[in-house]
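Residue numbers (my numbering), protein chains in the order written: chain A, 1 to 313; chain B, 1 to 135.
Hints were generated in silico from the structure; no laboratory data involved. One thing to keep in mind: the hints can contain errors.
[To be verified] Where chain B lies over chain A, by a calculated footprint (3+ residues, C-beta under 8 Å):
(1) 22-35
(2) 48-62
(3) 117-130
(4) 233-246
(5) 269-275
Note that the coordinates shown come from a computational prediction; the quantities given were computed from them, not determined experimentally. Beta carbons are placed, not taken as given, at the ideal position from N, Cα and C, and that holds for glycine.
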Amino acid sequence: MTQTVGEPGPRTGSRTGAACTATYVFAVCRGGDPATLTGLPGQAAGNPVRLLPFGSLEAVVQDVSAAEFGEETLRERLTDRAELERCARAHHAVIAAVAGSAPTLPLPLATLYLGDERARAALREDERRFLAVLQRIAGRVEWGVKVYARREAPEGPDRSATVAPTRTLTRTATRTATRTAARTPVRTTAGSAAAGAGAVDSGAHSGRAYLERVRGARQERERRQQAGLVAAETVDRALRGVAVASRRLRTHDTTLTGERGVQLLNAAYLVADGHEREVAAAVAEVRADPACQGVEVEVTGPWVPYSFVDGGE
Amino acid sequence: MTERTAERPITHAPSTPSGPANLADILERVLDKGIVIAGDIKIDLLDIELLTIRLRLFVSSVETAKKAGINWWETDPALSTRAHREAVDEENKRLRERIAELEAGAGESRDKPRDAGWDESRSHSWHHVKEAGGR
């Protein structure tokens with residue numbers, strides 16, 4: 001996947017003076033409007049983001065400092081969280097801008113050539129592939145849909161009836177266990193005979209209570225998990241109904257989702273441009289679906305079809 | 001930011017430069033997606049991707065999820081700067097093995113502080129994505 005050229009070799013198109021610049025390629029498009037690129041900072045503020053024609057297409061490129069984009073330097077920079085964010089947003093901003101005027105194939109972050117001529121040569125080799133994918137995504141956009149488990153699952157009447165007693169038992173058992181753990185005999189702490197008897201009774205049952213609690217918690221967890229998966233599946237099915245293609249993306253870790261809860265589905269859908277209404281209707285429908293009451297559905301877009309440009313369909 | 005309020009059935013985290021789209025949404029697209037062509041200078045984005053996975057493992061092993069979430073992988077000096085190429089490769093290898101291990105035994109590690117019990121579904125999705133991404 002990764003091509004690393006350790007020895008740069010002959011620098012086509014680069015004279016001694018230009019040797020310190022590299023050509024950064026953001027995207028490939030067909031009939032891009034140069035005006036949409038005006039003023040974009042790209043990856044090197046001050047250098048214009050421009051169109052580089054090759055074959056029947058154009059690449060969206062920018063001159064960048066070869067020193068700043070050397071393999072080792074770049075790796076270090078992108079390992080820095082703030083720098084990675086800046087680069088990623090700048091890359092995305094250029095792609096989004098050009099996509100406003102022409103069918104656009106985004107390239108992944110940091111595709112670089114040692115000069116325009118080398119970029120042109122490499123791109124020309126792939127022209128046929130670019131044309132095929134452009135054909136597929138032209139007039140289409142990507143919508144992102146994520147499904148999160150709600151933090152507090154809504155309590156159904158049947159459930160609270162079965163869960164509540166277990167909870168009571170749980171609390172008693174825990175308290176008993178804590179006392180025991182604190183090396184204080186339960187009976188001594190209780191003070192009165194009645195209370196002591198109660199504590200003993202509770203102690204005798206704590207083993208069973210504990211098992212019940214474990215089983216209850218497991219059942220609850222399985223139930224929620226199952227319900228979550230059903231909901232995610234329902235959402236996915238509904239969105240696939242309005243899409244020409246779909247892709248599952250990796251679900252985000254709770255660390256990234258923050259307070260939104262566990263992510264059950266992260267998917268992308270390729271939808272005809274202008275079909276926002278259909279997407280909205282599908283989302284509204286699943287939100288109203290009883291199977292989806294325990295989840296939240298988040299929609300983002302429209303995106304340039306990042307998730308649909310690589311590989312065959 | 002995106003919103004998910006019931007009153008607004010659909011929200012736009014615009015992919016236009018003016019909209020502050022969620023960083024995770026952007027990263028998963030510009031790192032993982034897009035049409036790949038061989039460049040003259042190209043770093044292995046998979047390394048970057050693995051850093052995020054590393055973060056996940058890190059977070060699940062230490063109970064400082066929130067803090068680590070803010071600092072991301074900066075908290076790991078070994079990978080923040082000047083990581084020697086071979087060291088990174090070695091690390092990648094171990095991480096892959098670890099992931100395979102976690103995927104195989106996802107049901108057993110239930111001690112995550114915030115979302116215990118969702119591990120299975122998560123690794124299921126992950127698996128799914130790996131398959132999809134491999135096409």
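Checked hints:
no.: 1; hint: 22-35; result: holds (count 3)
no.: 2; hint: 48-62; result: violated (count 0)
no.: 3; hint: 117-130; result: holds (count 6)
no.: 4; hint: 233-246; result: violated (count 0)
no.: 5; hint: 269-275; result: violated (count 0)
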